[in-house]
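Asks: Listed below, chain by chain, are the residues.
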Amino acid sequence: AQKITQTQPGMFVQEKEAVTLDCTYDTSDQSYGLFWYKQPSSGEMIFLIYQGSYDEQNATEGRYSLNFQKARKSANLVISASQLGDSAMYFCAMREGPRDDKIIFGKGTRLHILP
Amino acid sequence: DTGVSQNPRHKITKRGQNVTFRCDPISEHNRLYWYRQTLGQGPEFLTYFQNEAQLEKSRLLSDRFSAERPKGSFSTLEIQRTEQGDSAMYLCASSFPDAGTFNEQFFGPGTRLTVL
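Just so you know, the sequences run in chain order A and B.
Numbering-wise (the working numbering), the first sequence opens with residue 1 and increments by one.
Numbering-wise (the working numbering), the second sequence opens with residue 1 and increments by one.
Chain B with its partners taken away, still in its complex shape (with noise of 0.2 Å):
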């Protein structure tokens, strides 16, 4: 499979709880970006990385919020004291910037997050 994938693809978790989601993209992609969607809306942007570097984070990232791609390949985004406003589809997307192309981005399944 040479798709994006997500682990896992569901996680029920109670408010106050630790969560982490992975993201392993596109072997050769050296971007990776992360979004969330909540329910009746589009995907808003969180982050991006471009190798294990983070060089956005939209202010919709609280201080709850952490994502990490430590050698450049599969990203982690852990929320910490999760809270039931969190309670949205994660979906995490990768790309391979060329001159030639328009960087397309290649999203994954997603991670369904619950907080009770």
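Isolated chain A (complex conformation) (with noise of 0.2 Å):
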């Protein structure tokens, strides 16, 4: 069974829009975490934002907010106030387990942000 579900292949949005990039996962664990990456066209992985799954606030870096939804399964990537830079890939991903090594990530979402 899929673990990360991105729904969204690929989708545009203008500059200094919202963006908000779906993520659904599925686990049996009590205890996950949950990362979101960014992946330029010069392949790098760029980690974004961690949320463990017993973090009761929603994770915040910088433009880059988590909308964890631990009922539903979901753990949106917002990013506020886009900007031409954001154009990349992003990758849903999930660490199962406490310290688990592991990460399994999404087939992931193209953004372009568009000037």
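Worth flagging that the hints you see were computed from the coordinates, not collected in a lab.
Keep in mind it's a predicted model, so treat the numbers as computed, not measured.
Treat the hints with care, since some could be wrong.
[Said to hold, decoys possible] Keeping only pairs whose Cα atoms sit at most 30 Å apart, straight-line, the calculated DSSO-like set for lysine-lysine is: (1) A/Lys107 <-> B/Lys11; (2) A/Lys107 <-> A/Lys70; (3) A/Lys107 <-> A/Lys3; (4) A/Lys3 <-> B/Lys57; (5) A/Lys16 <-> A/Lys107; (6) B/Lys57 <-> A/Lys73; (7) B/Lys57 <-> A/Lys102; (8) A/Lys102 <-> A/Lys70; (9) B/Lys57 <-> A/Lys107; (10) A/Lys73 <-> A/Lys3; (11) A/Lys102 <-> A/Lys73; (12) A/Lys3 <-> A/Lys70; (13) A/Lys102 <-> B/Lys71; (14) B/Lys71 <-> B/Lys57; (15) A/Lys102 <-> B/Lys11; (16) A/Lys16 <-> A/Lys73; (17) A/Lys107 <-> B/Lys14.
[Stated by the list, open to error] Pair ranges (Cβ atoms, derived): (18) B/Glu83 <-> A/Ser74: 29 to 39 Å; (19) B/Ser58 <-> A/Thr7: 17 to 27 Å; (20) A/Leu84 <-> B/Arg15: 39 to 49 Å; (21) B/Gly16 <-> A/Lys16: 45 to 55 Å; (22) B/Arg15 <-> A/Pro115: 14 to 24 Å; (23) B/Phe74 <-> A/Ser74: 32 to 42 Å.
[As the list claims (entries may be wrong)] One-sided and incomplete, this derived list gives chain A residues near chain B with beta-carbon spacing under 8 Å: (24) Ser42; (25) Glu44; (26) Phe47; (27) Asp101; (28) Lys107; (29) Gly108.
Each residue gets a CB set at the ideal place from its N, CA and C atoms; glycine is no exception.
Dock chain to chain to rebuild the complex, using the hints, since each chain is given by itself in its own frame.
Replies: Shown next, in the form of structure tokens:
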């Protein structure tokens, strides 16, 4: 069964607008972690934000915030005030268990920011 | 440069040849991971090391694949008798697990393999 589902293969957003990238996950563990990574055309995976399953507040990092809805098993990434440099692939990922090292990635969403 | 480095960045080979990739992790990181990313997909876990010990291997890692980390520092990933299906980006990541962190993995730029 697919563990991480990203239903938006591609998105086009006007510069300066906010954008939400969807992510749902599937796990039977009570303790897990959720990540978002950005992959520009250069190929390097850039860590954006992390949410632990026991974290009560939604994670925020600058313009990035994670809308964590545990009961719905969703972990959407919100980018506020989008910039041209935000154009990239975005991957939602999950680590199952408290210290498990294996990260499972979704298929990604390609975000295009329009000037 | 204190990031994860990978060499070569690109490799083109003919089917049936052997290839070897190298990953140099961030110096104080004791865990090292290999992932494979095919076109249009997210990275898939292959294997990981804690120091020199290989602790987990994915079923994706066939007998033609072998990874080593002999001194607990750099790692090599070798593919023997390459097949066209091996064409992918091979990503390396490293981390330093700590009770106070979420064990963030730092990724290198990847090695893109093309098998002709």
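Asks: Evaluate each hint against the coordinates.
Replies: We went through each hint and held it up to the structure:
1. A/Lys107 <-> B/Lys11: holds, 24 Å
2. A/Lys107 <-> A/Lys70: holds, 21 Å
3. A/Lys107 <-> A/Lys3: Holds - the C-alpha atoms of A/Lys3 and A/Lys107 are around 11 Å apart, at most 30 Å.
4. A/Lys3 <-> B/Lys57: holds, 19 Å
5. A/Lys16 <-> A/Lys107: holds, 26 Å
6. B/Lys57 <-> A/Lys73: holds, 28 Å
7. B/Lys57 <-> A/Lys102: holds, 10 Å
8. A/Lys102 <-> A/Lys70: holds, 21 Å
9. B/Lys57 <-> A/Lys107: holds, 21 Å
10. A/Lys73 <-> A/Lys3: Holds, at roughly 11 Å.
11. A/Lys102 <-> A/Lys73: Since the Cα atoms of A/Lys102 and A/Lys73 sit roughly 19 Å apart, the hinted pair holds (cutoff 30 Å).
12. A/Lys3 <-> A/Lys70: Distance of about 15 Å is within 30 Å: holds.
13. A/Lys102 <-> B/Lys71: holds, 22 Å
14. B/Lys71 <-> B/Lys57: Holds - the C-alpha atoms of B/Lys57 and B/Lys71 are around 19 Å apart, at most 30 Å.
15. A/Lys102 <-> B/Lys11: Answer holds: A/Lys102 to B/Lys11 is near 26 Å, not above 30 Å.
16. A/Lys16 <-> A/Lys73: holds, 28 Å
17. A/Lys107 <-> B/Lys14: Holds, because 28 Å separates the two Cα atoms, which is no more than 30 Å.
18. B/Glu83 <-> A/Ser74: 29 to 39 Å: holds, 38 Å
19. B/Ser58 <-> A/Thr7: 17 to 27 Å: Given a distance of about 25 Å, which is inside 17 to 27 Å, the answer is holds.
20. A/Leu84 <-> B/Arg15: 39 to 49 Å: holds, 40 Å
21. B/Gly16 <-> A/Lys16: 45 to 55 Å: Since B/Gly16 and A/Lys16 have Cβ atoms about 52 Å apart, the given range 45 to 55 Å holds.
22. B/Arg15 <-> A/Pro115: 14 to 24 Å: violated, 43 Å
23. B/Phe74 <-> A/Ser74: 32 to 42 Å: Taking Cβ atoms as reference, B/Phe74 and A/Ser74 lie about 39 Å apart, which means the hint holds.
24. Ser42: With a minimum Cβ separation of about 7 Å from chain B (threshold 8 Å), the hint on A/Ser42 holds.
25. Glu44: holds, 5 Å
26. Phe47: Holds. Min distance 6 Å.
27. Asp101: Hint holds; A/Asp101 Cβ to chain B Cβ min 5 Å, cut 8 Å.
28. Lys107: Since the shortest Cβ distance to chain B is 5 Å, the answer is holds.
29. Gly108: This interface hint holds because 5 Å falls under the 8 Å limit.
Checked against the numbered hints above, the structure violates only hint 22.
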